[in-house]
Every structure is written in structure tokens, then in C-alpha cells.
Amino acid sequence: MKNSILVKINGKVFKAFEGESLLTVAQREGIDIPALCYNEAFEPYGACRLCMVEVVAGPYQPGMTTSCTLKVANGLEVITETDEIKKYRKVIFELYLAQAPGSEVIKEMAIKYGVTSTRFSRKLNPLDPLGNKCVLCGLCVRACNDALGIGAINYIGRGVNTKINTPYLEASSDCIGCNACAEVCPTGAIKVENIQDKRIMVSWSKTEVPLKQCRICGKYFTPEPLTLFAYQKMDPSIDKELEDLCPDCRRKLFSKKEILAQKGIEVKK
Numbered sequence: 001m002k003n004s005i006l007v008k009i010n011g012k013v014f015k016a017f018e019g020e021s022l023l024t025v026a027q028r029e030g031i032d033i034p035a036l037c038y039n040e041a042f043e044p045y046g047a048c049r050l051c052m053v054e055v056v057a058g059p060y061q062p063g064m065t066t067s068c069t070l071k072v073a074n075g076l077e078v079i080t081e082t083d084e085i086k087k088y089r090k091v092i093f094e095l096y097l098a099q100a101p102g103s104e105v106i107k108e109m110a111i112k113y114g115v116t117s118t119r120f121s122r123k124l125n126p127l128d129p130l131g132n133k134c135v136l137c138g139l140c141v142r143a144c145n146d147a148l149g150i151g152a153i154n155y156i157g158r159g160v161n162t163k164i165n166t167p168y169l170e171a172s173s174d175c176i177g178c179n180a181c182a183e184v185c186p187t188g189a190i191k192v193e194n195i196q197d198k199r200i201m202v203s204w205s206k207t208e209v210p211l212k213q214c215r216i217c218g219k220y221f222t223p224e225p226l227t228l229f230a231y232q233k234m235d236p237s238i239d240k241e242l243e244d245l246c247p248d249c250r251r252k253l254f255s256k257k258e259i260l261a262q263k264g265i266e267v268k269k
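Position 101 of the sequence shown, counted from 1, bears residue number 101 in my numbering, the numbering being contiguous throughout.
Quick caveat, the hints were computed from the structure, so don't treat them as lab data. Predicted, not measured: the structure shown is a model, and the values here were computed from it. Glycine included, every Cβ here is placed at the ideal spot set by N, Cα and C. Some clues are possibly wrong.
[To be verified] List time: in silico DSS-like cross-link candidates among lysine-lysine, alpha-carbon distance up to 27 Å: (1) K163 / K206; (2) K123 / K107; (3) K256 / K212; (4) K8 / K112; (5) K107 / K90; (6) K15 / K71; (7) K233 / K257; (8) K2 / K15; (9) K198 / K233; (10) K198 / K252; (11) K212 / K198; (12) K252 / K233; (13) K212 / K252; (14) K191 / K219; (15) K163 / K90; (16) K123 / K87.
[Unchecked claim] Label pairs and their computed distance ranges (CB to CB): (17) M234 / G75: 41 to 49 Å; (18) Q196 / L169: 19 to 27 Å; (19) G75 / K206: 48 to 56 Å; (20) Y60 / V91: 47 to 55 Å; (21) Q196 / Y113: 38 to 46 Å; (22) K252 / A73: 50 to 58 Å; (23) Q213 / F42: 27 to 35 Å.
Produce the complete structure using the sequences and hints provided.
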């Protein structure tokens, strides 16, 4: 069990645990700190810059820093709302409103913190595959490359021309259609559609991934490459007959097996 320590946030003392970030403690205690790129599944790296706090005491250098990367320590004292933080946050929100005007998530967050317009402008691409919603936080890339080891997407270009997509903006043969990129995207930028027997990663150069068909009901339910990827990672003793069953038919089979097992009858595959 991790050792507990005490930290002070906005003048109040809270219990924390070694290794936690200040943002984690604040969220647990109901202290509002905006955050866009933070995801517990990944090591934080302060990309969005929205979760700034001011360190006023403790083992770290005083001043503003990202709370997602700030590890708690005995004697740490921070303030989450200062005039400087509010000014900084306003500029960041204005930049995001200019960069990702298509994102309703960004608009709603900005309004919550009192920002309704932006002084900045950017030439927008009406055909942007990410709908002008991407802020380049990189969570989708980290999910695909680091967490899963697939590498279907990455950063493309440099400077103001940097974007995220498939290599050469071509349909990816590596994509397994797992949808992890869309799940972790904080701005709703990644569009995925299931059409008949295919999953189309619309945002990723319209990459098409075949869907597996349930051998009982005939419904298409999951990408075939994802099933293969998952079973390669799982215990080989797991019943392979489940691989071709949709969740509904799988539950029915389990229920049938349970009932028949109680009666001493073996289910034929």
C-alpha cells in the first residue's frame, strides 16, 4: 500500500498518496481544475496546458506548472485560481477555439471558464478529415502506438502544418479498427462508422476494416483484425468457439451451458 501524505490546495489540507499527481487529488476531492489531455491510462505530459496551478510552498520551485505532471509531496501547497492562471487559461482557450472551432467540447469548456470568443484566427480546411476539432493532444497516437503497438496513425508535417493521420494520408493496412483512438479523443474529432460488413475509420483516410459476422445470428459485430489481435493476447485455453459469436449470442450460450450443466447435460459445440 502506498504511503499517505498531506498536501494543501487553496488553503485546505487533503490526504494524498505517493506517486499521485496533484490533478488526481484535486479531482478526487471535487476541486475544479480544467484538463483536456489528461487520461489515467497514460503517463501525463501536460500537452493541453489547461490544468495549470501555482506552487507556493513545498519541495518544488514556486510558480505555475501543470497539475497533471506535478507529483504530490509532503509540504506541497498549491493554489488553483489566481489572476495569472485565469489570464493564462483564457489565452489557451482562445487558441483552442481558433485551432478547433468545430469541437463542441472545446466551446463548452471555454464557456464554462468565461471564454466565448477568440482574438486569434487560423486558415481552416473545410475538408479537414478531423472536422477542425483536433488540438494535437496526441492521445490517439499514444493509444495506437504506445498502448497497443499498432502504429496506424502518427504526426504528419511540421510546425503550423502538423496534423495527425495515417502515413501519406493513405488507407492504413495496420489499423485493426479497435476504436481506441476515438475513445480517448477529448474533443470528439475522430469519426468512425459501421456500414454493413465494414468499419470505416472516416478520419483516418477512410480506412476500411472488415467486420466479423456472428455464426449464429448473422449480425456483424466487431472488426476481424481486432478479434485476431485480442486472441493473440489472451489465454490460449479460452474457448475459441466464442470468437465467432456476437455479445448477445455469447450470453445466450453461456446461459444455456449454465442451465444444462446444472442438469448434468453437456452442451455440444
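Verification of the hints:
no. : hint                    : in the structure
1   : K163 / K206             : holds, 16 Å
2   : K123 / K107             : holds, 18 Å
3   : K256 / K212             : holds, 23 Å
4   : K8 / K112               : holds, 25 Å
5   : K107 / K90              : holds, 12 Å
6   : K15 / K71               : holds, 13 Å
7   : K233 / K257             : holds, 25 Å
8   : K2 / K15                : holds, 12 Å
9   : K198 / K233             : holds, 23 Å
10  : K198 / K252             : holds, 25 Å
11  : K212 / K198             : holds, 9 Å
12  : K252 / K233             : holds, 25 Å
13  : K212 / K252             : holds, 18 Å
14  : K191 / K219             : holds, 22 Å
15  : K163 / K90              : holds, 24 Å
16  : K123 / K87              : holds, 25 Å
17  : M234 / G75: 41 to 49 Å  : holds, 46 Å
18  : Q196 / L169: 19 to 27 Å : holds, 25 Å
19  : G75 / K206: 48 to 56 Å  : holds, 54 Å
20  : Y60 / V91: 47 to 55 Å   : violated, 24 Å
21  : Q196 / Y113: 38 to 46 Å : holds, 43 Å
22  : K252 / A73: 50 to 58 Å  : holds, 53 Å
23  : Q213 / F42: 27 to 35 Å  : holds, 34 Å
Hint compliance for this structure: hint 20 is the single one not met.
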